[in-house]
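A.B. asks: Chains A and B, in that order, are what the protein sequence lines are. When you read off a place in the first sequence, starting at 1, and then add 178, the result is the number in this note's numbering. When you read off a place in the second sequence, starting at 1, and then add 1197, the result is the number in this note's numbering.
Possibly wrong hints are sitting among the right ones.
Unchecked claim - DSS-like, lysine-lysine: derived pairs with alpha carbons at most 30 Å apart:
| no. | chain 1 | residue 1 | chain 2 | residue 2 |
| --- | --- | --- | --- | --- |
| 1 | A | Lys234 | B | Lys1348 |
| 2 | B | Lys1219 | A | Lys234 |
| 3 | A | Lys286 | B | Lys1260 |
| 4 | A | Lys222 | A | Lys320 |
As the list claims (entries may be wrong) - Far from chain B, by Cβ distances over 12 Å, these chain A residues were calculated:
| no. | residue |
| --- | --- |
| 5 | Ala424 |
| 6 | Lys536 |
| 7 | Ala571 |
Derived from the structure by calculation, the hints contain no laboratory data. Glycine included, each C-beta is placed from N, C-alpha and C at the ideal position.
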Amino acid sequence: MRLALAIGTFFILVIHGVVFYNQFGHQWERNQHTYFDQARVFAKTDAERAALNGRKPRIEQIVVSNFGETRVDRCTTCHIATDDPRFGSYAEPVKTHPYSPALGDQQKNGKWERRHKFSEFGCTVCHDGQGRGLEPEYSHGKDEYWPDPLLGYATQENWRKDFAPKLKGKEYMQANCAQCHTDTAFPGTALVTKGRGLFFSSNCYGCHRIEGLSDGTIGPDLSDVGKKWKLDYLWGRIADPKSILATSIMPKFNLKEEDIKALVIFLKSRKGRNFAETEIQRFKVKLTGGAELVQATIKPVQINPAEMLKQGEKLVLDRACTACHKLGDRDGGIAPDLSYEGLEKDGPWIYEHFKNPKSTMPDSIMPAFRFTDDEFKAMTAYLLTLKGSPAPAQGDAIYKALCLRCHGEKGDGQGPIAEHLDPFPRDLTKSGFMNSKPEARLVASIRNGVAGTSMPAWGKVLSEEQAKAVLGHIQTTFTKEPRRELKAREIPAKNPVAMSQESVSRGETLFVNRCAGCHGKKADGKGPNSLDILPKPRNLRNTFFVNSVDDRRLLESILYGVQGTAMPSWINDGLTNNDAGDLVNFIRSINSKPKGGQNAGAVQ
Amino acid sequence: MAVNLKRSSGEDSDGGKTSRRKMLGWLTGAGLFGSAALSAVSNFVFIKPRATYGQPQRFSVGKPEDFPEGTRAILASRGICIVRDGARLAAISTTCTHLGCTVGSADTGFACPCHGSRFDQDGNVTGGPAPRPLPWFQITLAPNGEIEVDKDIEIAPGSYLTL
């Protein structure tokens, strides 16, 4: 009992001792002693030595109220020699802050003079970090829950290992320089300028909004993205959008590493209300006579009918259509090739697609960009002049030139841009599908395209023979199995049930019972089972597609299924011809409303 | 620990049991009193805050060239007056020692607007209710060539920094 009591009290004493030591034996006190000792060695006069002897370690702090909220920076408690030029060659933390002409520091009579005095600016205004922290872990922000780790210096434990080394370097501080130096061509913030350029040239502006810069509505507003997110998150969202958010619809752009870095720095500089719009403006006017705040916004181009084509070309190239699309040598690697656009599409279609991409391609991911109607017309006129180069005669050469971008090298529908297309390109290796369709229909798909999908009509590029040649290449290289003789099917040539309200409601009931599992309650192809199925169930609200196929084909697909896909043959599951007819009527009825077309009249 | 205690009691010549009991009692007492002492000390230390949210007490006021000879510059926001006398510099408080008003400069030195205290050029009381002369603060030449004033350290009136 006594022993337990003794051990217990001893234990309490130890805990008290540890707490006491942690509370009162600070690292910063030792750092200050190091500084005082070394400064006494440097001291030249007795008065200086006496002054140093009078100093005791204490918390040094700079209170700055010029930049937004009042900052309390206690960094100089440990970094006590920041303004003492005699400690230039010492190790951190007792080290002189470097002098540099790039920071605006000047040398006068052999002595450096700082442009940004610490007593006026503090430390965190440039470096970020937690100014009040007195322990490196907290003040530098190694803790993952601190919002602003030391920019470009601290990399955190939880950051992705492959990103972490790229997030180091003093360039990242340019994001904070740009809080005051908002001039677009400020030499000290070259990477912010580059990032701002990339924001436009890589077409970020099409989807994202940044106050004063752009008006995109598809992606999140980025006006204060730098305040919300740390470097690793920004890097990850640009370099590999789906790695952070699996459901992200942002494409992975083909950006070089230094481009990503510039974009990250630019985004980090977007903190919503930057200092330039607040008290600092007055401070700046006092210091420099006030440099004007310049914002790079896009101004509409006045279209001159005589130079419409040229202006259209300039718009298409300058406004970064090729950040996604392919055009000549430029290739964004996300969206279809525009090189044959003039042969594949007509003017109203292109204009319509510009005004509202979803009106001609219901599942398109293309953003609706803000151009004037005249600009759209000029761009349409330019795109109509694109005729590409004549297609080669050999099947394999044609496939490589025209089909590979979507259907892929192996013909499995996994081309480089396939993941951005909805519906996905057809998997040409599925012999069940390829061999159950007559050759005439496959050739028709090539030459007339598939309405409402990304499959263009190649009729003006490929002749009947060329289409057959490329189909032959596909059959021998990808499908491999020889074409079989099809079993005769009994399909009514016409819908056996007349269109009527009763038929539609019968069809709806049937649809909900039988089809909604895959095609979805809304018939948009997004039913609960659709996630596990490839090819995806057809979006039956894609009016362009549904209107392009006749009743016979719909009936065939319902009754006999679609081979090579998950669509079963419903005739085996008790559906009669009349049931299928009701279903067709239901599908027709949900697509009967006129869609789009309201802008088509503007272009001849 | 139990083993060690037994051993020490075994070596004792007066008989193990009492010695062990004494030893344990001593340890318990030391532990309790030690903890109590430590907590008492920490409580007293915590009474005085280590940092407050005011402006720092040690600050730079600029270069010696900013204060030409004969200057008596009152820095209102800092609460000090920089006095330059030849090649000598001093920092005198401008906070009245009576009730803490900010004193202004007068022909004869300083004058407090609140209750009429008057001070001479060196801050000595020449009239009014002020009980003490104005304090002088430590003034040093920082290694970067700027003048630093430390309001936490008072020095004897009349001690100047010689440039």
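A.B. asks: Indicate, hint by hint, whether the structure satisfies it.
C.D. replies: Hint-by-hint comparison with the structure:
{"no.": "1", "hint": "A:Lys234 to B:Lys1348", "result": "holds (13 Å)"}
{"no.": "2", "hint": "B:Lys1219 to A:Lys234", "result": "violated (44 Å)"}
{"no.": "3", "hint": "A:Lys286 to B:Lys1260", "result": "holds (13 Å)"}
{"no.": "4", "hint": "A:Lys222 to A:Lys320", "result": "violated (40 Å)"}
{"no.": "5", "hint": "Ala424", "result": "holds (45 Å)"}
{"no.": "6", "hint": "Lys536", "result": "holds (55 Å)"}
{"no.": "7", "hint": "Ala571", "result": "holds (79 Å)"}
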